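Enquirer: Those sequence lines, one after another, are chains F and C.
Residue numbering for the first sequence follows numbering that gives the first Met the number 0, starting at 0 and increasing by one per position.
Residue numbering for the second sequence follows numbering that gives the first Met the number 0, starting at 0 and increasing by one per position.
Watch out, some of these pointers could steer you wrong.
[Claimed, not checked] Chain C is nowhere near these chain F residues, computed Cβ spacing over 10 Å in every case:
| no. | residue |
| --- | --- |
| 1 | 24 |
| 2 | 39 |
| 3 | 47 |
| 4 | 52 |
| 5 | 87 |
| 6 | 125 |
| 7 | 139 |
[Claimed, not checked] Derived coverage of chain F by chain C (criterion: at least 3 residues anywhere in the stretch with Cβ under 8 Å from a Cβ of chain C; other residues may be distant):
| no. | stretch |
| --- | --- |
| 8 | 56 to 69 |
| 9 | 111 to 117 |
| 10 | 140 to 147 |
| 11 | 150 to 156 |
Just so you know, these hints were derived from the structure itself, not from any lab.
Please read all numbers here as calculations on a predicted model, not as lab measurements.
The C-beta atom is built at its ideal place from N, Cα and C for all residues, glycine as well.
If you want the building blocks of each chain, they are given just below.
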Amino acid sequence: MNKDFLSIMVVIYLLVYVTSPSLFHVAISETYSILLSILPVLILVFVFIFCFNLFIKPENIRAHLGQDAKKRGWVFSIIAGIFSTGPIYIWYPLLADLKGKGMRTSFVSTFLYSRSVKLPLLPIMVHYFGFNYTLILSTYIILASIVAGYVTERVVDGSSASYEK
Amino acid sequence: MYEGVSLFAVTAFLLSWVSVGLFNLPAEMDLLGKKFAVARNMIFFVISFFISIITVFTLNFIGV
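Isolated chain F (complex conformation) (with noise of 0.2 Å):
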């Protein structure tokens, strides 16, 4: 999937230079600021997946974010979610990584669920569409987040939760 996907995107980089040369510059550049925006926090991700391959061990990630986390894990898959930054992308990775050693499917939904809550751009919220707009909504998307984990958990594991990947 890695390579088919690679090589597709590197034909039609090659038909857009070779059709029109100018936008495969444009492409290009692109490419270069979106690579450069997302350095940062691409780092910090890799930090983290060696930080938690170096210290963290299976049966600590099951403790705290595996089938016996309970609250704790909804608890930190939330916060973590709503600390993030970044694109989407960079976190699949370590989410990936943390699956594999035994994080549980609903913890990864709603990691992924509760980032709509974007803690810097909370204030422009606040400018454009109101203080009570932007708490019940931030509320609301913290409660789905659970919601969404617990049935992406359902429709994908089953109704037991697996550690398989």
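We have chain F already, so just place chain C on it with the hints.
Expert: Leaving out everything else, chain C in the frame of chain F:
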């Protein structure tokens, strides 16, 4: 909203924009699994509708 678009639509747009990611789907499918990626995006899409509805109803209920 100044042009007459309802708050339902604006809220649903905001939520689905931040939570649903079709362009990220290949990467998500590769790293987190096809079933998870597809299910997550569909569930988040549906939930966005419900959240937008109850948010606006709550605002109306409290009189804002």
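Enquirer: For every hint, state whether the structure bears it out.
Expert: Hint-by-hint comparison with the structure:
no., hint, verdict
1, 24, "holds, 22 Å"
2, 39, "holds, 19 Å"
3, 47, "holds, 15 Å"
4, 52, "holds, 16 Å"
5, 87, "violated, 6 Å"
6, 125, "holds, 13 Å"
7, 139, "violated, 5 Å"
8, 56 to 69, "violated (count 0)"
9, 111 to 117, "holds (count 5)"
10, 140 to 147, "holds (count 4)"
11, 150 to 156, "holds (count 4)"
The earlier numbered hints that this structure contradicts are 5, 7 and 8.
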